[in-house]
Amino acid sequence: MNIRKDFPILEKKIIYVDSACMSLKPVQVVRKMNEYYTDYPACEGRSSHKLAVKLSEEVYLARRAVKKFINAKLEKEIIFTRNTTEGINLVANSFALVKGDSVLITEKEHNSNLVPWLKLKEERGVKLLILKLNDDGSFNFDNYKRMLEDSSIRLVSFCHSSNVDGVAIPAKEIIKLAHDKKIKVMLDGAQSAPHKKIDVQDLGVDFFAFSGHKMMGPSGIGVLYGKAVELETLKPFIVGGETVKNTFHDSAVYEDIPMKFEAGLQNYSGIIGLGEACRYLSEIGVEKIAEHEIMLNRLLTEKLKGVVKIIGPENPGLRGGVFNFYIDGIDMKNFSIVLDSSSGIMTRAGSHCVHSYYNARKIPASTRISFYAYNTEEEAVRIADEIIKLVKCMK
Amino acid sequence: MICIIALVVFGILGIFSLRYRLLAVEAFGCVLRRIVLRPCQTGLDERARAWITGKIMKFCPFCAGFFYRRFRIFEFALALVFVWSIVQTGVSGYNYYMYGNCNGYDASGFCVFDPAGHNAQFTGIDLSCGASSQSEKNLSISGVNLSIFPVLNRGDKNNVVFFIGCYECNFTKETYPKIKQLIEEHNVTVIFGHLPITPNLEVFTRYANCVYENAPEKFNEFNDFMFSISIRGCSVNACENALKSARLNMSSYAACANSTKIVEISRRQEDELKSVGVYGTPTIFINGRAFVGPKPYRVYERALE
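Going down the list, the sequences are from chains A and B. Numbers given in our numbering equal positions in the first sequence, counted from 1, plus 672. Numbers given in our numbering equal positions in the second sequence, counted from 1, plus 310.
It is worth saying that the hints were derived from the structure and are not from the lab. In this text, a Cβ means the ideal position worked out from N, Cα and C, and glycines have one as well. Do not take every clue at face value.
Said to hold, decoys possible - Taking CB as the label site, the calculated pair distances span:
#1 A:Val-1053 x B:Ile-345: 43 to 51 Å
#2 A:Met-673 x B:Pro-371: 30 to 38 Å
#3 A:Met-1018 x B:Arg-348: 31 to 39 Å
#4 B:Arg-348 x A:Lys-793: 54 to 62 Å
#5 A:Met-1018 x B:Arg-379: 41 to 49 Å
#6 A:Ala-1032 x B:Arg-379: 29 to 37 Å
#7 B:Val-335 x A:Glu-795: 53 to 61 Å
#8 A:Glu-1050 x B:Pro-371: 14 to 22 Å
#9 B:Phe-420 x A:Met-1018: 53 to 61 Å
#10 B:Glu-356 x A:Cys-693: 16 to 24 Å
#11 A:Met-1018 x B:Ala-426: 45 to 53 Å
#12 B:Leu-342 x A:Met-1018: 30 to 38 Å
#13 A:Lys-793 x B:Val-319: 27 to 35 Å
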């Protein structure tokens, strides 16, 4: 994959494998973002001068690029948010959940798909049900089916691909089973959108949230996809300018979707940059990226078999670009710092915002290597060699 | 332990950079917790451990492993060395303040506050039988007959300064104003002994004695002039100019300088100075305590009663 030239930072002596946290940005995205500030730094949808019209056009094109990227049916099903977390919070706060209703999540959720529901539990008395997975992190359909029998469940909210082990859930089947029970489904697509071909229509998912910063786009921009029919029923979460058609001193007439969810002036540079990132990824081919990542993961897994303990299934094909591991007797946070300080290998260590999962398994911390399209085989080999060397040293 | 070091190091670096300021705040929190015997929660020590290990790893994996595994020992040793060096720095600062030398009274060696060693410089003298080992501690004026030396100021009898120097010595010239300041501010009694750094400068001793014998009120003016000019080698002209400056007549003083009485006084003075064991100029005795070389004014001041 000959795209490294698009990432000037890689010319430095670094091996960046923390893309599950924050991906690098190609120059095309950065250029497009700058274009907003240099060429048409205006307000969208309010003013009618040339710059504003140009901006409106660019925002529309970005929305269309995102729509195409996840194969949504309509542009208005794309709501720009700050990130995945905000998208999930929007649904949590806008979906009509009342006391006695239940939300089902898995035991491996990122805090962004756990804490909003815990808050609802505290504030509204909404029940939070936790689905137990298999020991290797894979999805347990028996448990799922059994839990779906609970008639109080109104919403299933699962992470599509886990940031802990990279394992993706069989979303289509899961969604179908939920829909059979008239339960709506939201997917946390923060880790899947950058690495998997997403087709929301084919999946049939009701809500799908993802972030720009993990898919070579800017930080501070994300998307909440919702089926138009579902979005229409949601009450707006954050309201204000641009979310209303008209206001009186005692009432407000809300805008149609997606406007009613996009309050205030937007992160236009981010929106435009995200549109460019979608185009950039589509050009490379997300399927091709996924294959590349699995190839790198396989290489690393083979070399490190028996040296480290991998979190998740042994088969790298199931873990995408994520290689998350720990070593008994070694502080993994230290391990990551040493990797960076000695070889410029940039990983992430800790509980990866999934404290509940780590606490339940009594794993204090792990080091996560997350590949992306710009990583190479040479880098994977170097990482493996350095880890082997370090383990010998630190044990 | 390493938090203490981090606090001081980052505290200093933090003056110049926000990055280090944040680390200093973190280290401060860590130190506070350690003081009350609670573990440091910031992980600063662990990060430091890992970061240093990584740096060592680049050139010596074995050493890196050794350091990582025995970090606590290194940390302890480092902290001890650090505390020791802090104490030493304090002591050095005190010494510099008190004696103008980091290493204490009567010590030599490098001093960071006086890197050129200026405060310990002096013009060496070889008085053959007089000079002993070069140590301020060995110098003593007990038994020396101070009454035969000219007096620059008759002031406080409890604070007696015996100022030994040579008109041609630059370090003496540098010290002279400080002696005058002592007179001005503390009205100390100052006795002056001219010690020629080379034998051919002995003529100046005789001229000084002549002035003191014949016109003691002009002695200060004579000295002021002699210490203010640059004398290249021995020159009677220097004395002539000094006498002119003090409005004294050269011809009568030329005869005086060669008189038996003055020659005898000068010889006796030289003998007394030899018995002191002076090895360089300036040497200043303040209430019996010797200081060789031009010390900061505060050092002289602190030696007063």
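Each hint tested on the structure:
Range check, A:Val-1053 to B:Ile-345: about 48 Å between beta-carbon atoms, so the 43 to 51 Å window is met. Evaluation of the 30 to 38 Å hint for A:Met-673 and B:Pro-371 yields a pass: the beta carbon distance comes to about 32 Å. In this structure the hint that A:Met-1018 and B:Arg-348 lie 31 to 39 Å apart at CB holds, the actual value being about 32 Å. In this structure the hint that B:Arg-348 and A:Lys-793 lie 54 to 62 Å apart at CB is violated, the actual value being about 33 Å.
Separated by about 25 Å at the C-beta atoms, A:Met-1018 and B:Arg-379 break the suggested range of 41 to 49 Å. Between A:Ala-1032 and B:Arg-379 the C-beta distance comes to about 31 Å, which sits within the given range of 29 to 37 Å. Between B:Val-335 and A:Glu-795 the beta carbons are some 35 Å apart, a value that contradicts the proposed interval 53 to 61 Å. The given range of 14 to 22 Å is respected by A:Glu-1050 and B:Pro-371, whose C-beta atoms sit roughly 21 Å from each other.
Distance hint check for B:Phe-420 and A:Met-1018: the Cβ-Cβ separation is about 44 Å, which falls outside the suggested range of 53 to 61 Å. The beta-carbon spacing between B:Glu-356 and A:Cys-693, approximately 20 Å, falls within the hinted interval of 16 to 24 Å. In this structure, A:Met-1018 and B:Ala-426 meet the distance hint of 45 to 53 Å, their C-beta atoms being roughly 48 Å apart. Checked against the hint of 30 to 38 Å, the C-beta distance between B:Leu-342 and A:Met-1018 comes to roughly 32 Å, which is consistent with it.
Distance hint for A:Lys-793 and B:Val-319: a CB-CB separation of about 47 Å, inconsistent with the stated range 27 to 35 Å.
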